[in-house]
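Trainee: Go ahead and model the full structure; you've got the sequences and the hints to work with.
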Amino acid sequence: MRVGEHKIIFTGSVGAGKTAAISCLSDIPVVGTDVAATDETLNKKDFTTVAMDYGYIQLEDGELIHLYGTPGQERFNFMWEILCQGGVGLVLLVDATSSDPVADCEFYLKAFGKFIEETGAVIGITRADIASNSIYEQVQDVVIEKGYPIAVLEIDARNNEDVNMLVHALMAVL
Amino acid sequence: MPLSYNDTSGEVALINADTDVGISYLEEENNDQVKIILAERAVSTAVLGFRSLERPVSVHDLVNALSTYCKHFSSRIDTASATATIASGSDGSASVSQTVGNNTPLLLHEFISVHRDKTLIKLECAPYHPLYINGISGTCATRASLAEIHIIAKETESRPVVTEIDAAEELNQATSNDMVSYPIGTIIWQIAMVGANGTILPNHSLDTAVKLKSLPRFPREYMRNHPEFLKLSGLILKQSMTIRQLQQATQLDIEVVTDFYNLVFSLGLSSIDKSADSAELYKKKNVERESLLSRLAKKLISAA
Numbered sequence: 000m001r002v003g004e005h006k007i008i009f010t011g012s013v014g015a016g017k018t019a020a021i022s023c024l025s026d027i028p029v030v031g032t033d034v035a036a037t038d039e040t041l042n043k044k045d046f047t048t049v050a051m052d053y054g055y056i057q058l059e060d061g062e063l064i065h066l067y068g069t070p071g072q073e074r075f076n077f078m079w080e081i082l083c084q085g086g087v088g089l090v091l092l093v094d095a096t097s098s099d100p101v102a103d104c105e106f107y108l109k110a111f112g113k114f115i116e117e118t119g120a121v122i123g124i125t126r127a128d129i130a131s132n133s134i135y136e137q138v139q140d141v142v143i144e145k146g147y148p149i150a151v152l153e154i155d156a157r158n159n160e161d162v163n164m165l166v167h168a169l170m171a172v173l
Numbered sequence: 000m001p002l003s004y005n006d007t008s009g010e011v012a013l014i015n016a017d018t019d020v021g022i023s024y025l026e027e028e029n030n031d032q033v034k035i036i037l038a039e040r041a042v043s044t045a046v047l048g049f050r051s052l053e054r055p056v057s058v059h060d061l062v063n064a065l066s067t068y069c070k071h072f073s074s075r076i077d078t079a080s081a082t083a084t085i086a087s088g089s090d091g092s093a094s095v096s097q098t099v100g101n102n103t104p105l106l107l108h109e110f111i112s113v114h115r116d117k118t119l120i121k122l123e124c125a126p127y128h129p130l131y132i133n134g135i136s137g138t139c140a141t142r143a144s145l146a147e148i149h150i151i152a153k154e155t156e157s158r159p160v161v162t163e164i165d166a167a168e169e170l171n172q173a174t175s176n177d178m179v180s181y182p183i184g185t186i187i188w189q190i191a192m193v194g195a196n197g198t199i200l201p202n203h204s205l206d207t208a209v210k211l212k213s214l215p216r217f218p219r220e221y222m223r224n225h226p227e228f229l230k231l232s233g234l235i236l237k238q239s240m241t242i243r244q245l246q247q248a249t250q251l252d253i254e255v256v257t258d259f260y261n262l263v264f265s266l267g268l269s270s271i272d273k274s275a276d277s278a279e280l281y282k283k284k285n286v287e288r289e290s291l292l293s294r295l296a297k298k299l300i301s302a303a
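Protein chains in written order, with numbering that gives the first Met the number 0: chain H, 0 to 173; chain U, 0 to 303.
Careful: at least some of the hints might be erroneous.
[To be verified] To spell it out: a stretch of chain H is covered by chain U in this simulated footprint if at least three of its residues, at any positions, have a beta carbon under 8 Å from a beta carbon of chain U; those stretches are:
1. 58-64
2. 132-146
3. 165-173
[What the hints assert, rightly or not] Taking lysine-lysine and the DSSO-like style, the derived pairs with C-alpha atoms no more than 27 Å apart in a straight line are:
4. U/Lys-210 - H/Lys-109
5. U/Lys-298 - H/Lys-145
6. U/Lys-212 - H/Lys-113
To be clear, the hints were calculated from the coordinates, so they are not data collected in a lab.
Every residue gets a Cβ at the ideal spot worked out from N, C-alpha and C, and that includes glycine.
Mentor: Here it is as structure tokens:
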């Protein structure tokens, strides 16, 4: 695998839908590093990504847009900076059903702040349809407060059209 | 459905409407303590005028149904002296004032005024189902489809009739069966796209630069079908741009760009950038990246 200069990074908390989103876009089956969850992640899913997910979109002329998903757990944050090198933009997925999705959003915006300022980002709120409260406005407020030019959309990370739309939104701000 | 705003005690009853006992209960004059009655059925069709939930009723369904009621309970206001003012922006440079109750030049203006002034109105345009617009909860309840709302917005000969309504009437209508509740911003957006005819706001020009503060909240289906709005939004999220520059950058029809400009400004989602030098506003992306992005867009569109 050759790491090209065109990369889109997918990040977000555990279970936010990063692997599913990359699967929607990728021209190849996602190369994952899922292992059986043994920590608090087990409450959300049986398997979790520990290094990264990888897929790519092949353009007409053969050029590749690499898609990287970061591991969700904070203890793997040393991977984040490495994965962002050469990235063109960030897709941040926020799980609306997590215990504090707005705090999750703030955390990732801060963690990837430099990368976002240098490139661009979009936020996809996932599982909004089964969350007890809408967090859209709160996430929007966080973005406005930080002054980032970031579009916020509610999506289903398993739905190709939704993920396509999210990447369209990202492209618009790049 | 006995509803009393001043009495906060009460119960929520979920009745199995597929049984004789359940039907009997629904037919009775119910206990005053029962504030909300929801029918549970094998199919989600109305029964004796009560909202019904399809079996099995999940907690999520129940929460959604109750949320709808709560949202409307909280929207009660005194609308007796409501006078709507359409202000096109925080700078107050352009404003059109009119009294709710009269027919108005544009359906769009009605929605914008309700949204801004947080009033409640019923908008009738026969033969279509009336629109019950709640500026407090930011919803528009109707049985009319979006396509029919487009037709109403385009209608030039038969103007919609607007009447004020009280919170109780709005609640009764909005929570009745088969009524679809749309976010008011979505309706405003869609109406503007078909009904504003590309006319720029008063005292604005093709060279007025604006910057978007946040993206309008659209339903997914709408966004999927209108990627051009994502592009327009993205461009002025990142930098101040004029209508002329937006049109040049996107190659969309000037009417579409103007309607977009009008709308985000009217909804308070954008602000004028007076300090910006319009000649320097639009920093074009470098050619290589622009090419990459356009090829990626092409690929995504073909994949869809």
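Trainee: For every hint, state whether the structure bears it out.
Mentor: A quick look at each hint next to the structure:
1. Given a C-beta distance limit of less than 8 Å, the hint that chain U covers the segment 58-64 of chain H holds, as 5 residues qualify and 3 suffice.
2. Counting residues of the segment 132-146 of chain H whose beta carbon lies closer than 8 Å to any beta carbon of chain U gives 4, which reaches the threshold of three, so the coverage claim holds.
3. With a threshold of 8 Å between beta carbons, the proposed coverage of the segment 165-173 of chain H by chain U holds, since 7 of its residues qualify and at least three are required.
4. The hinted pair formed by U/Lys-210 and H/Lys-109 meets the criterion: a straight-line CA distance of about 23 Å does not exceed 27 Å.
5. With a C-alpha separation of about 32 Å, the suggested pairing of U/Lys-298 with H/Lys-145 is violated against the 27 Å cut-off.
6. Simply put, U/Lys-212 and H/Lys-113 have alpha-carbon atoms about 20 Å apart, close enough for the 27 Å limit, and the pair holds.
Violated hint: 5 only; the structure is consistent with all others.
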